[in-house]
Amino acid sequence: MADVNAGFPQNKTVYQRWNIHHRLVHFGIYAPFIVCALTGLPIKFHHKAWAQALASFFGGGDGLLFWHLFAGTLIFLTCIYHLGYSLLYAVKYRHNLTIPMLPWSKGTWTALKQYFAYQLGKSDEHPKFGRYQWKEMFDYWAVFWGMFMIGGSGLLMWFPEFTFQYFPKWFVDAYRWAHSDEAVLAVVFIFTWHFYNVHFQPDFFPMSWVWWDGKIDLETMKLEHGLELEMISEQQQEMPGRGTIISSGRNFPGSG
Amino acid sequence: MGTNKGRTRKAFIVAILFIITFLAFGPAAFAEDLLQKAVIINEGCLRCHAAQGLNANFDGKTVSLYVDKAKYEVSMHGTMPCTYCHTNISDYPHTGALKGKELVAQVNGECRRCHKDIVADYNKSIHGQVNSAEGRQNAYCSDCHGIHNIYKKEVPEATINHNQVPHTCGNCHEEVFEQYDLDFHAKSVLLGGKEAASCVSCHGSHNILGPGEKESMVSPENTPKTCAKCHLFPLENMAKGKMHYSLEPTGDGAVSFWVLICFSWLVIGCITFVLVCILLELRRKWSDANKPDSH
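Keeping their order, the protein sequence lines are chains R and U. So the first sequence is numbered by the working numbering: it starts at 17 and just counts up by one. So the second sequence is numbered by the working numbering: it starts at 11 and just counts up by one.
Looking at chain U on its own, in the form it has when it is part of the complex (with noise of 0.2 Å):
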């Protein structure tokens, strides 16, 4: 028997080592007991999900109900269970399930309840607007993030890679994408070029503000830093004329409409001359070497 002191340090030591395992194997059993529970979760839901004929007919469209589970279990959100998104999900038949927009909205709104911190940004933008011929937000996480395929931007695949956003931005921006496709930034960014600006590099991300606004990282007053993020200085002329021109014989693309023109003739006018000059030269020539007397 020791004493009283002894007693007492014996326990302090044995309440060290046990804070010291719990804190060493806890988490991570807590984090397996996670991971335990996702496995089991998902692979009752991919027992059908995960078979690509898997469709439903919802107000007489086909809609596919396949999820790519190769791709979904390495997507950022792969090693959680379906259900932290689709809550209302909890029984089979599905007697909680929502079909199109409504689906969209409801497993949009429950990205916010881990990514508190975008909320604030996002509300602000103009994605985040509530369009009213649409009766949604200008655009949804998903839109941009993408659904079962959501990778961190590293990964060449992810639909924010910076070589990808100009496609991801392009689904709905037609029009935009195709001027900006003329753009030397485009070429190199679809080439596979980090460097160059891709659209989240001028227009920014969360934040996206409409061109009128003045906080606008592309209004007119902001638009020179813009560019000086990577051009060393801002200057004014950044910001004059249209960054996205069309090239048409009238308006901002004018000029290079017509340049394009001149030198597409000045092209087929050189090339022709040339072939003809050969032409003649190679007929001289055959018709020499047919002569009794040549050679």
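So that you can see chain R by itself, here it is in the shape it has in the complex (with noise of 0.2 Å):
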């Protein structure tokens, strides 16, 4: 096959910032999250012409709920999955194991004050973000949260013969408003603030490629994590999987 990169500058480093398991879950949260964003809101919405349009599309309502539901039970064994990946990786490193995700790890206080300043026009320093940027984390928890609140809700509507022997209707009532509002939230929440971060703000448009190859370049690597950068420098290769460097990788998103 010829070489897609050919005529392209070869000599750009790239640093592997998601490997493919860290791929796989994001690719097995978002495309059921669509679905279930497609199949969900015309359940909220049914008076809605495009509710019923979008419920003919799948099926009517009962086509609709199949999947959703169909949809829902993917994000979950993604989410079991990334539990199990995580779990894994935690006894593997247990010697020396760091988890950037959390909101104390080191240095995310400090990015997030240099971040507001920043963005305020009260310094000039850019914020140093670590592995991962508040903005990231922020996500990250809200998915957690999320899996609580829609994740749990949708197995006790789903499964009425197990909830009505532990919880009155007016607990299930409740926790479907819950439900529902969440994924409002959730919907309205990826398509600003995500879709924002990694598409249309002008540094990524079209988009951020991390989620595809997994790799992510010099600059790009400064300006947005660049405590890690220092942090891989100084310990390089020391942890596997996070931010290994390669030298000499390929730029062109498609070939990664």
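Check before you lean on any hint, since a few could be wrong.
To be verified - Derived lysine-lysine pairs resembling DSS-like cross-links, with alpha carbons at most 30 Å apart: (1) U:71 / U:111; (2) R:64 / R:108; (3) U:111 / R:60; (4) R:185 / U:162; (5) U:235 / R:185; (6) U:162 / R:64.
What the hints assert, rightly or not - Sample of chain R residues facing chain U (criterion: CB under 8 Å; computed from the structure): (7) 177; (8) 180; (9) 185; (10) 217.
Unchecked claim - The calculated label-pair distances, taken between Cβ atoms and stated as ranges, are: (11) U:61 / R:85: 48 to 54 Å; (12) R:163 / U:235: 34 to 40 Å; (13) R:119 / U:246: 26 to 32 Å; (14) R:86 / U:47: 54 to 60 Å; (15) U:63 / R:82: 43 to 49 Å; (16) U:131 / R:100: 54 to 60 Å.
These aren't lab readings, by the way, just hints derived from the structure by calculation. Beta carbons: idealized from backbone N, C-alpha and C, even for Gly.
Reassemble the complex: the two chains are provided individually, in unrelated frames, and hints are given to aid placement.
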């Protein structure tokens, strides 16, 4: 096969930000999330004409629910996969474990202060983010919270024979409101905040390709994860799978 | 000339042939005759009543006398003569014509001539009881089944179609419809689902009783059994609390109401915050891009 990168500069330093597990988990959340949103919103706004049209596309009220549950199950499986992967990772590196996704991990607070000072124009020092910026933590823990609000209530509604052995009806009713309102929050949040951060913001448009090949180039790395870059340079290769440096990486996104 | 025995056999064969011919074509011819009669009668009626503007002024109220011919002809009773139900009309001008309440009562009285099997259930039901305030039954046949638009329940347009039932019941039970409308059953049914419960799935149809009565499908004793028609096995909790609630700060829907309020503010708060962040970032990028020394 012809090299798609022929003619492109090949001397860029590229970091492997996400391994295949990270990318699979991202895919396993976002693809079913879109299906859940497409099949769930018509249920919440069932009087609207577009809701009726979407419902008939998915096969009426019953088809809508089938695909909603199908996609919901996929999200559950992805979460189990992620928790299992994280657990194995933690066991493997138990002697030298840092979890950069935790909000109190090193540098988060400093970077947050730097971020607002920078964005408000009070300082010209660009914030130095660790492996995960506060935005990414926000997104990640929002999914965690969402799994309890949406996933938990979803399971209770899916299996009423189980639910009504332990819970009264008012509880399930209220939990269902939480389900759909939290879902609306998630949809609006993803399509404004997350889409701004990885698609629409001028540095990344049309998108950041980390989700596809897991690779990020040096310039972006400096801007978006400056602290992590410093840490990697200090203890290179100590924890494989995290920010492993790939020299002479390819920069064409489709070839990853 | 055959023998006596041979003649008997011949007569027997002729008789058999005659019977077969009669059985094969007789009922059809008879039905054809009725059909033909209906066509002739209905043509006469519809000569005037198929006109959309046909109105009459009864006691100062303008009432439409229009009948949708196309809809009527494909309805369950479409092959029957109009006079089958409008029994007191046989001449023109209509000397025996009833109007308003009397007309509705008369026509609904005619249903039981054919639908005898329903009468016993209906008379016992809450809809069959006479409402003293209105001086009529709580619900006539036509209130649920329609008038000239009566179809089998499999027809999507039928008032008793699974997906239409909530609207049909909601014509009178407006408040309950609004409450049911919040429920997942309602959402599924109103989006075209066939599996979720409509009103009649839980409350019954011709045998519908008030919730205070023990035999009612939705009495506290029977509710778990009714739920178990779909939900595998009966559970006590299914009968606890109100099935239909309103989203109000007090009462059965109070918890749901406050959950909704909290989440609405959570949505407003979160989205406002991230929109402010986005605007701040864009402003910073804009001012950086306009600096002479940038890039």
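Hint check results:
no., hint, result
1, U:71 / U:111, "holds, 13 Å"
2, R:64 / R:108, "violated, 52 Å"
3, U:111 / R:60, "violated, 41 Å"
4, R:185 / U:162, "violated, 35 Å"
5, U:235 / R:185, "holds, 16 Å"
6, U:162 / R:64, "holds, 27 Å"
7, 177, "holds, 5 Å"
8, 180, "holds, 4 Å"
9, 185, "holds, 4 Å"
10, 217, "holds, 7 Å"
11, U:61 / R:85: 48 to 54 Å, "holds, 52 Å"
12, R:163 / U:235: 34 to 40 Å, "holds, 35 Å"
13, R:119 / U:246: 26 to 32 Å, "violated, 44 Å"
14, R:86 / U:47: 54 to 60 Å, "holds, 56 Å"
15, U:63 / R:82: 43 to 49 Å, "holds, 48 Å"
16, U:131 / R:100: 54 to 60 Å, "holds, 58 Å"
The structure fails hints 2, 3, 4, 13 (numbered hints given earlier, in ascending order).
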